[in-house]
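Colleague: Here is what each chain is made of, one letter per residue.
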Amino acid sequence: MKRSHLLLAAAAAGALVLSGCSSASESASTSGTVNLLGPEDPATFAPVIEAFEADHPDITIEYTQVPFDQYSNTLQQRLGAEDDSIDVYAVDQPNLSQLAAQGFLEDLSDLEDEARAATSAAQFDINVYDGRMWALSIWNSTQMLFFNRDALAAAGVEAPSVAPAERWTWEQIVDAGRATQDAGMEYGLLFEQVEAYYQLQPLAESLGGGSGITGDEMLTVDVTDDGWQEAMDWYADTFESGLSPRGVGGFQTSPVFMDGDVTFFVGGPWDVGRFASDVDFDWGVAPMPYFEGGEVATPTGSWSWGINTASKNADAARKFLEFAALDAAGNLATTEATTIIPANSEAAAEYLPGLEALGGEHTVGVADLVTYEVENTAVARPVSVGYVQFESAMNRAFADIRNGSPVASRLDQATTQIEDAWSKLR
Amino acid sequence: MTIQSTRAGARDTRARTGSPGPRARRPLRQHPALIALAFLAPALVALIVLRLAPAAVALWDSLFRTSLLGGTQFVGAGNYLDLATNPDFQNAVGVTLLFTILINPLQVATAFLLAVLYTRRAAGSKLWRSLVILPIAVPPAVSAVIWSVIYRPDGLANAFLDLFGIPAQPFLTSPQQSLASIMVLLSWIGVGYWMMFLIAGINDIPGSYYEAASLDGASGWRQLWTITFPLVRRPLAFVLVADTVSNLLVFAPVQILTKGGPEGSTNLLMYDIFTRAYTLGDLNTAQAEVVILVLITIAIVAVQFRLLKSED
Amino acid sequence: MAMQLAGTRRTPRRWVMRAFTAFAAAVVGLAFLIPMWWSFVNSLRPGDETFSYLNPLSWQTFFTLTPTFENYAALFDTDLARAIGNSLFISLVTVIVGLAICATAAFGLAAFRFRGRGLMFSVIILSFLIPFDAIAIPLADMFRDWNLQNTFFGLILPGLGNGMAIFLLRTFFLAIPEELVEAARLDGLGWWGVFRRIYLPLSVPALIGAGLMLFLFQWQAYVWPLLMGTDRDHIVGPVALSNLQGQFAVDYGVLFAASMILILIPLAIILGFQRYFIQSVSTTGIK
Numbered sequence: 001m002k003r004s005h006l007l008l009a010a011a012a013a014g015a016l017v018l019s020g021c022s023s024a025s026e027s028a029s030t031s032g033t034v035n036l037l038g039p040e041d042p043a044t045f046a047p048v049i050e051a052f053e054a055d056h057p058d059i060t061i062e063y064t065q066v067p068f069d070q071y072s073n074t075l076q077q078r079l080g081a082e083d084d085s086i087d088v089y090a091v092d093q094p095n096l097s098q099l100a101a102q103g104f105l106e107d108l109s110d111l112e113d114e115a116r117a118a119t120s121a122a123q124f125d126i127n128v129y130d131g132r133m134w135a136l137s138i139w140n141s142t143q144m145l146f147f148n149r150d151a152l153a154a155a156g157v158e159a160p161s162v163a164p165a166e167r168w169t170w171e172q173i174v175d176a177g178r179a180t181q182d183a184g185m186e187y188g189l190l191f192e193q194v195e196a197y198y199q200l201q202p203l204a205e206s207l208g209g210g211s212g213i214t215g216d217e218m219l220t221v222d223v224t225d226d227g228w229q230e231a232m233d234w235y236a237d238t239f240e241s242g243l244s245p246r247g248v249g250g251f252q253t254s255p256v257f258m259d260g261d262v263t264f265f266v267g268g269p270w271d272v273g274r275f276a277s278d279v280d281f282d283w284g285v286a287p288m289p290y291f292e293g294g295e296v297a298t299p300t301g302s303w304s305w306g307i308n309t310a311s312k313n314a315d316a317a318r319k320f321l322e323f324a325a326l327d328a329a330g331n332l333a334t335t336e337a338t339t340i341i342p343a344n345s346e347a348a349a350e351y352l353p354g355l356e357a358l359g360g361e362h363t364v365g366v367a368d369l370v371t372y373e374v375e376n377t378a379v380a381r382p383v384s385v386g387y388v389q390f391e392s393a394m395n396r397a398f399a400d401i402r403n404g405s406p407v408a409s410r411l412d413q414a415t416t417q418i419e420d421a422w423s424k425l426r
Numbered sequence: 001m002t003i004q005s006t007r008a009g010a011r012d013t014r015a016r017t018g019s020p021g022p023r024a025r026r027p028l029r030q031h032p033a034l035i036a037l038a039f040l041a042p043a044l045v046a047l048i049v050l051r052l053a054p055a056a057v058a059l060w061d062s063l064f065r066t067s068l069l070g071g072t073q074f075v076g077a078g079n080y081l082d083l084a085t086n087p088d089f090q091n092a093v094g095v096t097l098l099f100t101i102l103i104n105p106l107q108v109a110t111a112f113l114l115a116v117l118y119t120r121r122a123a124g125s126k127l128w129r130s131l132v133i134l135p136i137a138v139p140p141a142v143s144a145v146i147w148s149v150i151y152r153p154d155g156l157a158n159a160f161l162d163l164f165g166i167p168a169q170p171f172l173t174s175p176q177q178s179l180a181s182i183m184v185l186l187s188w189i190g191v192g193y194w195m196m197f198l199i200a201g202i203n204d205i206p207g208s209y210y211e212a213a214s215l216d217g218a219s220g221w222r223q224l225w226t227i228t229f230p231l232v233r234r235p236l237a238f239v240l241v242a243d244t245v246s247n248l249l250v251f252a253p254v255q256i257l258t259k260g261g262p263e264g265s266t267n268l269l270m271y272d273i274f275t276r277a278y279t280l281g282d283l284n285t286a287q288a289e290v291v292i293l294v295l296i297t298i299a300i301v302a303v304q305f306r307l308l309k310s311e312d
Numbered sequence: 001m002a003m004q005l006a007g008t009r010r011t012p013r014r015w016v017m018r019a020f021t022a023f024a025a026a027v028v029g030l031a032f033l034i035p036m037w038w039s040f041v042n043s044l045r046p047g048d049e050t051f052s053y054l055n056p057l058s059w060q061t062f063f064t065l066t067p068t069f070e071n072y073a074a075l076f077d078t079d080l081a082r083a084i085g086n087s088l089f090i091s092l093v094t095v096i097v098g099l100a101i102c103a104t105a106a107f108g109l110a111a112f113r114f115r116g117r118g119l120m121f122s123v124i125i126l127s128f129l130i131p132f133d134a135i136a137i138p139l140a141d142m143f144r145d146w147n148l149q150n151t152f153f154g155l156i157l158p159g160l161g162n163g164m165a166i167f168l169l170r171t172f173f174l175a176i177p178e179e180l181v182e183a184a185r186l187d188g189l190g191w192w193g194v195f196r197r198i199y200l201p202l203s204v205p206a207l208i209g210a211g212l213m214l215f216l217f218q219w220q221a222y223v224w225p226l227l228m229g230t231d232r233d234h235i236v237g238p239v240a241l242s243n244l245q246g247q248f249a250v251d252y253g254v255l256f257a258a259s260m261i262l263i264l265i266p267l268a269i270i271l272g273f274q275r276y277f278i279q280s281v282s283t284t285g286i287k
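Protein chains in written order, with the UniProt record's numbering: chain A, 1 to 426; chain B, 1 to 312; chain C, 1 to 287.
Hints should not be assumed to be uniformly reliable.
In silico DMTMM-like links for lysine to aspartate or glutamate, alpha-carbon gap of 25 Å or less [as the list claims (entries may be wrong)]:
| hint | chain 1 | residue 1 | chain 2 | residue 2 |
| --- | --- | --- | --- | --- |
| 1 | B | Lys-259 | C | Asp-251 |
| 2 | B | Lys-309 | C | Glu-179 |
| 3 | A | Lys-312 | C | Asp-133 |
| 4 | B | Lys-259 | A | Glu-240 |
| 5 | B | Lys-259 | A | Asp-233 |
| 6 | B | Lys-259 | A | Asp-222 |
| 7 | A | Lys-319 | A | Asp-69 |
| 8 | B | Lys-259 | A | Asp-237 |
| 9 | B | Lys-309 | C | Glu-178 |
| 10 | B | Lys-126 | B | Glu-211 |
| 11 | A | Lys-312 | A | Asp-110 |
| 12 | A | Lys-312 | C | Asp-145 |
| 13 | A | Lys-319 | C | Asp-141 |
| 14 | A | Lys-312 | C | Asp-233 |
| 15 | A | Lys-319 | A | Asp-84 |
| 16 | B | Lys-259 | A | Asp-412 |
| 17 | B | Lys-259 | C | Glu-178 |
| 18 | B | Lys-259 | A | Asp-84 |
| 19 | B | Lys-259 | A | Glu-53 |
| 20 | A | Lys-312 | C | Asp-141 |
| 21 | B | Lys-259 | A | Asp-110 |
| 22 | A | Lys-319 | A | Glu-53 |
Simulated from the structure, these hints should not be mistaken for lab results.
If we strip away everything but chain A, and leave its shape as in the complex, we get:
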């Protein structure tokens, strides 16, 4: 829809001339500069950029950070405008199919073999849409159950084990959590991302509810089946009963655990480092629970990187991308300044013992646990061009269910909202 713009440009030309300001300084991506866009702190990618530039003195990497909360939509706007000041950009994995469908990602299918060899099967599949590969996985993630060992001891409850074979059920968690509350704990259980699909999908998956999206095109909503209903009833009850606190959200959840106010906390690898340095009670790590009699399912997925189709320096961009994703040393460098699991299997094998060491005695066994979850229990978020709309509506539904909305009707409402949003996609 470019029409009327010409007219406007003419109208505005006057204003521009009046001002006499020049709009220069637009660095046409000449030979050797690759612009990388992502939501992380610049310090995070400094090591990988440094390592790459040492190997390729003719290529310079310029990193621009966009705040995480506005990352996807800023990306949408700028890619939609064929902004060539972005060469390589970080792709939140569930958004990959939409970005690929919109034509914002270079087809990287010729790298399929190397990519398959470099990472886990789940992490390879996540970058495939419509039979072609559009990005390379940089990071991976999983979720674990952190617990306050002191609180459990005070309530006379035996702490869970880190071994996947001795994984607790949610029923056990509720019982143990209540016991600690009786013994004086404020709360029994808290999810780090209380209102986010990423952490809550496994609840429904565990009860056979599926991801919530089905159909050949992956554009059919299905969040009202028994599995979803049961999972959400359970979730609603953790708040209704006072096991979990309402009204604490955003990034304020992990401080609740760190202040010693909650017994069980579902969090990610990034919490290991924080807890290790800031928590002053005895804590431990166990596998993410499942429902009794149900499947074991854990969250997974993180960031891939892809190349902008409007890039004017795609060859250099590709070199950088291959280094960061396929080269074990390069991929490892992306995690040097942060706590996240490298997607490259070789890099992960080297990285995880360090993560485990970070937590000292509290996190013995974490490396094996993460490896096990990534390979065996990880259930990725659905690959659908409508994921963004789906997630947005689901997150609002989770928030309402948490605050006491009737589960069945709220899931119906979410279904209608998602169908409505999707009707605009086609």
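Guided by the hints, dock chains B and C onto chain A, whose structure is given.
Modeller: Same frame as chain A, but now just chains B and C:
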């Protein structure tokens, strides 16, 4: 005649007529339209290019539908008809109207009372009123964080209530209290700002008025209603309109604190527009919503202008 | 309103009123301060203690005996200093150019009667009824066509025309008596002179208000800079602030420290201009 002396004289003239502004302006000589236009031109160009032109594009875009998978088609009023039957949108309009009706009189009245308070001579008055104005300068992302802590079930608000023996309130987690909680937050941000303009208005009132009234034995309260209130009518009108518009366009606290919930109780139109445009990527429908929001705003502002005029 | 009469009789009742006023002024001011004070105190605490003293209230909720400046020191490693410099530059240019544009326009509307004045006024009102964030997307498309992404010009331009500031200035300009203008005109003062030597000096508080309005528009701009593409050379304050919030965790100590620094400049402006807000009383309060 120097400016200094005319100033004092002028104020006296106004004092005699007893009206804050001369409504009966006589047409001035020369070609006033041309001179006025010369003064207006830079602003008009800026506003037309930077506001009205993109708004026209938005209006045009609202008549189309763009599929994510490629292809744009003309749908005429299709997006508007979709919205009209969408229960979430109907709810958002309802919430927005309720919000507008409640928050604006409250904020303007508070701002006025505070302006009166802070124009009285009292120790430290200038410092205290700076503190009241200051919240407007707090970055929205941070004020939302602060208020999320205030409204937490175990947060500062409940801790204060507890001091008075009042049981803990759910605030943002309850559909009944969430909108009011957002209004309190917005008032904390905005009331001091609007107060500032009213202070400027009150300060323009010549002190001799009060002195005369005092000699006549009028009480402070009476002076407030017979002198201050009528003489700041025009700044008050500005504040009412500007505050109304600002409140209709607010969305950052909703985005960060409630995401429109619980149960859509804080789903203000502007937030709905923002999510639709930026998160859901449905720009065309979002633009249709913008058009509707602007129409609602025009209607409300027109009513306000009419009410203010008829009181003349 | 007795307070405005310096040197009139002091009855006990008046004294009580004055004490009450001072008390109310202080209580209200402090009430507005509490939320900010809380975040200020927490900017002096390590991030992991932010939520430690919420409930029940204790003196530690609002005070700390062991302030640390680590959070502020941590900001040296970020782009915040550069971002504040950029925001300041953008805001100041906007205030200077924007005030000139808005004040002349308000003068055009307030001092002249002409056919089409109502229309002009309607255009200006309409311009601020349009939500800027909602039209930012089409406007950003236009700016990209003009190659303005990642330029200061592209960041400054949208702040220049501000319908609400024009509306504000017009409101206060209308209060300036016509007799004054006519007298000045008879003395041979041109329209520009009337504007500069009568309207502007008589409207200092309104000009400050409009200036603050223009300033805050840019100082808090967030959505627009992101659309225009903030590379590291053009990063602005609110974006740098948001960049401090990681996707996995936020160090609230550092976040509050950064926001205190971002508040500092508007605070200085508000405090610094307070004396002009009294000025109009002292000049017009002559008997």
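Colleague: Please go over all the hints and tell whether each is borne out by the structure.
Modeller: Going down the list of hints, with the structure as the test:
no.: 1; hint: B:Lys-259 to C:Asp-251; result: 22 Å, holds
no.: 2; hint: B:Lys-309 to C:Glu-179; result: 23 Å, holds
no.: 3; hint: A:Lys-312 to C:Asp-133; result: 30 Å, violated
no.: 4; hint: B:Lys-259 to A:Glu-240; result: 21 Å, holds
no.: 5; hint: B:Lys-259 to A:Asp-233; result: 22 Å, holds
no.: 6; hint: B:Lys-259 to A:Asp-222; result: 23 Å, holds
no.: 7; hint: A:Lys-319 to A:Asp-69; result: 29 Å, violated
no.: 8; hint: B:Lys-259 to A:Asp-237; result: 22 Å, holds
no.: 9; hint: B:Lys-309 to C:Glu-178; result: 20 Å, holds
no.: 10; hint: B:Lys-126 to B:Glu-211; result: 23 Å, holds
no.: 11; hint: A:Lys-312 to A:Asp-110; result: 20 Å, holds
no.: 12; hint: A:Lys-312 to C:Asp-145; result: 18 Å, holds
no.: 13; hint: A:Lys-319 to C:Asp-141; result: 31 Å, violated
no.: 14; hint: A:Lys-312 to C:Asp-233; result: 21 Å, holds
no.: 15; hint: A:Lys-319 to A:Asp-84; result: 18 Å, holds
no.: 16; hint: B:Lys-259 to A:Asp-412; result: 19 Å, holds
no.: 17; hint: B:Lys-259 to C:Glu-178; result: 51 Å, violated
no.: 18; hint: B:Lys-259 to A:Asp-84; result: 33 Å, violated
no.: 19; hint: B:Lys-259 to A:Glu-53; result: 42 Å, violated
no.: 20; hint: A:Lys-312 to C:Asp-141; result: 20 Å, holds
no.: 21; hint: B:Lys-259 to A:Asp-110; result: 42 Å, violated
no.: 22; hint: A:Lys-319 to A:Glu-53; result: 11 Å, holds
Checked against the numbered hints listed earlier, the structure breaks hints 3, 7, 13, 17, 18, 19 and 21; every other hint is satisfied.
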